[in-house]
Amino acid sequence: MNLQVSPTQSASYPPVGQPIAGGLQQAQNRWGMLFVSPFFLLFAIFGLFPLLFSLVLSLSDWNGQGAVNYIGLENLNLILQDRVFWQSMFNGVLIFLLYTPLQLLLSLVLAVVLNSRRVRGFRLFRTIIFMPYITNMVAAGYVFQLLMNSRSGLFNQILAVFSVAPVPWLDTPWAARVSLVILVLWAWLGYHMTIMLAGLQTIPQDLNEAATVDGASPLQIFFRITIPLMRPVILFSLVLSTIGSFNLFTELVSLFPSTAGGGPLNSTITPGLYIFNQGFGNFRFGYASAVAVVYFVLVFLIVLVERRYLGRDNT
Amino acid sequence: MKSSFRVRRWIEDAVLHLLLILIALFMILPFIWMLSTSLKPVSEVFQSPPQLISPNASLDAFRTLFEQKGFARNLGNTLVVATAATVLRLFFCALGGYGFAKFSFRGRGALFAFVLATMVIPFGVTLIPLYYIMLQMRWIDTFWPLIIPGAANAFGIFFMRQYISTLPNELIDAARIDGAREFAIFWRVILPMIAPGLVSLGLIFFMASWNDYLFPLVILKSPSNFTLPLTIRSLVAGGLGRPVYNLQMAGSVISIVPLLIIFLVFQRRFIDGITAGAVKL
Amino acid sequence: MIRLTKQLLVLMVVLLATSVVYGQDAPSGTITLWGWSFDSMEATGLIDAFKAEYPDVNVEIVVYPSGDTYQNLQLACSAGQGAPDVVQLENSHLAGFVALDGCLTDLTEQVEPLLGEFNDYKWLDAERDGKYYAVPWDSGPVVLYYRQDIFEAAGLPSDSETVSELAATWDSYLEVCKTIKEETGHTCFANSRAANDARLYEIALWQQGLGYYNEAGEVTVDSPENVATLEKMGEFWEADVTSEAQPWTDPWYAELGGTGEDSTASLVEASWMGVFLKTWIAADLPGVWGVAYMPAFEEGQVRAANDGGSTLAIPEESDNKDAAWAFIEFMLARPESQITQFAYNDFLPALESTYSDPIFSEPDPFFGDQTPRQIYLDVAGQIPSATVYGPSYSLMNGHVATAIQRYATGEVSAQEALSQAAEDIRRETGLQ
Chain Z
1 MNLQVSPTQS ASYPPVGQPI AGGLQQAQNR WGMLFVSPFF LLFAIFGLFP LLFSLVLSLS
61 DWNGQGAVNY IGLENLNLIL QDRVFWQSMF NGVLIFLLYT PLQLLLSLVL AVVLNSRRVR
121 GFRLFRTIIF MPYITNMVAA GYVFQLLMNS RSGLFNQILA VFSVAPVPWL DTPWAARVSL
181 VILVLWAWLG YHMTIMLAGL QTIPQDLNEA ATVDGASPLQ IFFRITIPLM RPVILFSLVL
241 STIGSFNLFT ELVSLFPSTA GGGPLNSTIT PGLYIFNQGF GNFRFGYASA VAVVYFVLVF
301 LIVLVERRYL GRDNT
Chain V
1 MKSSFRVRRW IEDAVLHLLL ILIALFMILP FIWMLSTSLK PVSEVFQSPP QLISPNASLD
61 AFRTLFEQKG FARNLGNTLV VATAATVLRL FFCALGGYGF AKFSFRGRGA LFAFVLATMV
121 IPFGVTLIPL YYIMLQMRWI DTFWPLIIPG AANAFGIFFM RQYISTLPNE LIDAARIDGA
181 REFAIFWRVI LPMIAPGLVS LGLIFFMASW NDYLFPLVIL KSPSNFTLPL TIRSLVAGGL
241 GRPVYNLQMA GSVISIVPLL IIFLVFQRRF IDGITAGAVK L
Chain Y
1 MIRLTKQLLV LMVVLLATSV VYGQDAPSGT ITLWGWSFDS MEATGLIDAF KAEYPDVNVE
61 IVVYPSGDTY QNLQLACSAG QGAPDVVQLE NSHLAGFVAL DGCLTDLTEQ VEPLLGEFND
121 YKWLDAERDG KYYAVPWDSG PVVLYYRQDI FEAAGLPSDS ETVSELAATW DSYLEVCKTI
181 KEETGHTCFA NSRAANDARL YEIALWQQGL GYYNEAGEVT VDSPENVATL EKMGEFWEAD
241 VTSEAQPWTD PWYAELGGTG EDSTASLVEA SWMGVFLKTW IAADLPGVWG VAYMPAFEEG
301 QVRAANDGGS TLAIPEESDN KDAAWAFIEF MLARPESQIT QFAYNDFLPA LESTYSDPIF
361 SEPDPFFGDQ TPRQIYLDVA GQIPSATVYG PSYSLMNGHV ATAIQRYATG EVSAQEALSQ
421 AAEDIRRETG LQ
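Quick note, the sequences are listed as chains Z, V and Y, same order.
Using our numbering, read the first sequence as starting at 1 and increasing by one per residue.
Using our numbering, read the second sequence as starting at 1 and increasing by one per residue.
Using our numbering, read the third sequence as starting at 1 and increasing by one per residue.
Keep in mind that the hints were calculated from the coordinates and are not lab data.
Where is the CB? At the ideal position from N, CA and C, for every residue including glycine.
One thing to keep in mind: the hints can contain errors.
Estimated spans, in silico, between C-beta atoms of each pair [said to hold, decoys possible]:
| # | chain 1 | residue 1 | chain 2 | residue 2 | range |
| --- | --- | --- | --- | --- | --- |
| 1 | Z | Leu298 | Y | Ser419 | 43 to 49 Å |
| 2 | V | Arg73 | Y | Thr429 | 39 to 45 Å |
| 3 | V | Leu19 | Y | Ser419 | 50 to 56 Å |
| 4 | V | Arg6 | Z | Leu207 | 22 to 28 Å |
Using the sequences provided together with the hints, build the complete structure.
Below, the structure is given as C-alpha cells:
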C-alpha cells in the first residue's frame, strides 16, 4: 500500500472517515465494518435475539416446560386485569415522584456548593459522598435493614436521642417507600452529584461573574443560568432515575425479605421485580414476557415525554 | 458594613460545611455499621441500645466465612468473572468504537443510533429469553453467561466511540502510509492512545460485574460457584433457621474492601469514566 | 492341570456371578441432596450410619433455603438437567411439583408397603392419579405456646391442662387475650396487619377441614366459611390484643424471647416452633414457655391443624435412584432414624411407629417440665384433611396474604378482600 503522498501533505489530505472516491477508501471502510462486527455479532445473539424472542414468548402461555402454546393477545387481556402489575406500575410512579426531584435537587445543590470553592476539603467530600456507589445492593439492603429496624435499629435510636417517636421504617406501605427512596438516594447521590459537577465545570466562570456584577443574587444565578445550561446533564440524570425507579430489584429483595421484595401490602413491588417473580417464581414465562413488553412500552413513552419536555435546545 | 458582610459570609460558609458534614456522615454511617456488626457475636446484633464496638468484638465471623463457608472460593469466583468480563468488554467496545469513530460505512449512523436506543431497554425484558438461551447452550451454572454476552455493552461502545473520535487522525494516516495493516494500527497505535479511557471504562465495568446480583442469581446454582452478592444473601439463614447477620455483614465488608481500594487509588479515572458518559451525550 | 484350570474357571465364574448379582443389588455412586434440614442427619451421625450400611454410596449435601430449593428444582425440571438425586419438599409445595409431568419419580412400588405407617394426611400432596411421588418426613401439628409468667401476672392459671381448657375455642381464647391485655398490658400474639403472611389464617382453615379449593377443584377462597374464618381473626384485631411484629424479623424474635413490656403472651404455631424457641429465640428464658392445645374454631370441633412439614422425593432426572431410595428408606422409614432426628430437632416424625417411643413422655425442662411431645403426638393423630396445600399453593397463598393485609388495615371488608383474591386466583390458574 504505497501512497504517492508525502507525510507533510497529510494535513490537506481528506481525514480518515470522510467518503472519497476510490477503492482504497472503500477498502478501509470495509475494515470499519469488520471492526464493529464482533460487537454486533454478540449484540445480535445476546441482545437482539432475546428481545425478539421475548416478543414471541409474550404471545404464549409457556411455563418453561413442554410445548409452546400460542394464545395471541390473551396475555394482554390478563395484564389489563392484573391488579398486582398495575400496583407495581403505580409503585414505580410513586417511587419516581418521591425519588427523582430529591435526587436531582440534592445532587445539583451539592455540586454547586462543592463547585463554589468556598468549601475546604472538596476532594475529601467528593470521595466520601461517592463511596456508597461502589457498594453492592445486597450488602447495602441488609445493612439498611439493620439500621431501619423499628425496635433496635440505629436510626430510631438516634431519633430517640432527640425525643422523636420511633418510625416504622419498613413496616407500613408509605414508610417502606420512603425507606426505599432513602436507600437509593444514599447509593446514587454521589454518582449524580459527580456528573452534575462535571456539567457545572463546562459553564464558564465569567458568566456567573458577569451576572453577579449585574446584581444577580446567587439564587437567581442558580435558576436563570445554571439550570438552563445544565439541561442535558439534568436530562441524563432524569432518564437514568426514571428507568431506575421502575427497575429496582436487588434493593427490594434485600430490604424486604419477608415479603420477597413486595413490601407491606405490595407497596414496593416494581415491574422489574414483578416480571422476575412471574417468570422465575411462578414460572409463567409467557405471561412474564408479555408483562415485560407492556412495561417497556410504557417506560419508553415516559422517557419520550421527558425528552420532548426537557429535550435539547439548540444552544 | 464590611465586617457584617464578612460575618454573614462566615455563617453561610459554616452552614454549608455543616450540611456537607451531615451528608458525608450519612454516607459513611452504613459502612461503619457494617463493620461494627461484622465484629459482633450473633446474639448482640440486635441489642438495644445498639453498641458501636461490642466488648465481645472478634474476627470470628470472618474466620467462619473462610473456614466453614468457603468464602475464599466465592471471592475468587467474583475476581475471575469480573476480570474476564472487563477485559472482553473493553476489547469489543474499543474495537467497535474505533470502527464507528474512524471509519465510514453505510448505515453507520443508523446502526449506532440503534445501539444507543437499546440502552433504554430494562434488563427484565430480555432476562427470560436470555436465560432460556443459556439453558440451551448448557451454560447454566457456569461463568460463561456472565462474561460473554455482556461484551456487547451499549454504554461501552458509546463511550469508546466518543473518546476515539477526539483522537487526531495524523498518527493513523502516518501508520497507513507506512504500510501497517488495519488491525495492527488498532493494536499498536489506537490502544496505547486510549489507555486512560480504557482504565476509566474498565473500572466501571469491573465494578458493575463485581456487584451484579440479578443475572448471577438466575444463572449460578451451586453455592461453590456463587459470586459475592449471591453468597452474602445465602448467608442469612444458619442451621435451624437462625439468621446470622454478623456473618452477612462480614461478607459484605469483604465484598466492598477490594472495590474501595481500587476506587481510592484510581479515583480520578473512575470519575472521568462516569462523567464522560453523561456530559458529552 | 486341566482339572485345576477347570476349578479355577468355575471359581472365577462363580465369583463373577456373585459380584454381578450383589454388585447390582448394593447401591453405589454419589447422591446429591438438596434441602435445608439435613443438619438433623449430619449432626446426629445418621449420615455416617448410612454410609456404614451402604459403603459404596457417597452423600453430597447442598444446603438451599426452601425458596431456592423450589426455584432451582423448577428450573432443573424445565431444563431437563441439573436436578439432584434427593430433594426436600414441604407439603405446601409438594403438590405443585407432583403436578409437573416428569419432574418427580413415581415411587408407588417402593412406597406401597409403607402407606399405613405414616400420618394419613401427609400422603395427600404426594399422590396423583393413584401414584405416589414422595415420602413423608415430619409433621407440623399446631399447638398453643404460652408464657407461663405472663399468664400468672394476669391472674390466670399457667399449667397446661387448665390453659387448654381456658382457651378451648377461639372465642374463649379472645377472652383470655383481653384479660391479659387488661391486667398486664402485654399483647396476646403477633399478627401483623400490613405484612401478614396468612399463616395463622391457614391454620384456622385447616382445623376446620377447609381450604382454598374443594374436591371439584373449584376455588373456595371467597366461600362464606372462609370469609367467616377471616372475620373471626378480625375480632382479635378489633380488640387490639395483637402485636404488629412481622414474622421472622428481629422485633418478632425479641417479643418471644424477652421479658420486657413488648413481650407477647402466646403463639399458635406448629411443633417445630418449640425447638426454635428452645435453641435460639428464647434460649435465655428456660422454664417460662408452656405448651397447651390450640383452640378449636367452634365448640366441639378438633383442636388440631398442620403447619409445614416436609417430605423427600427423587427427581426423575436422577441417574442413581437406587441409592437415592436407599437413603430415603434409611432416614425416613426406620423408627430409629426418625427418633434420632426427633431428639435433635423436635420435628415430629410422620412415621407413626415412632410414637410408642419413651422419648415422647419425657418432661422438657425448657417448657417447665411439661411433656409437650405428648401433646404433639396427640394433635398429630387428629389432624384433619384440608385443602390448604395444593398444586397452586404459592400463588393462592400470595393473593390471600395480600387480601388479609387489605382487610386487616381496614381498606376493605373481609368479603370484598377475599372476593378479589378469588377473582385473581381464578383468572391466573384457570380454575373455577
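Structure-based check of all given hints:
1. Leu298/Z to Ser419/Y: 43 to 49 Å: violated (28 Å)
2. Arg73/V to Thr429/Y: 39 to 45 Å: holds (41 Å)
3. Leu19/V to Ser419/Y: 50 to 56 Å: 52 Å Cβ-Cβ, so the 50 to 56 Å window holds.
4. Arg6/V to Leu207/Z: 22 to 28 Å: holds (26 Å)
The structure fails hint 1 only (numbered hints given earlier).
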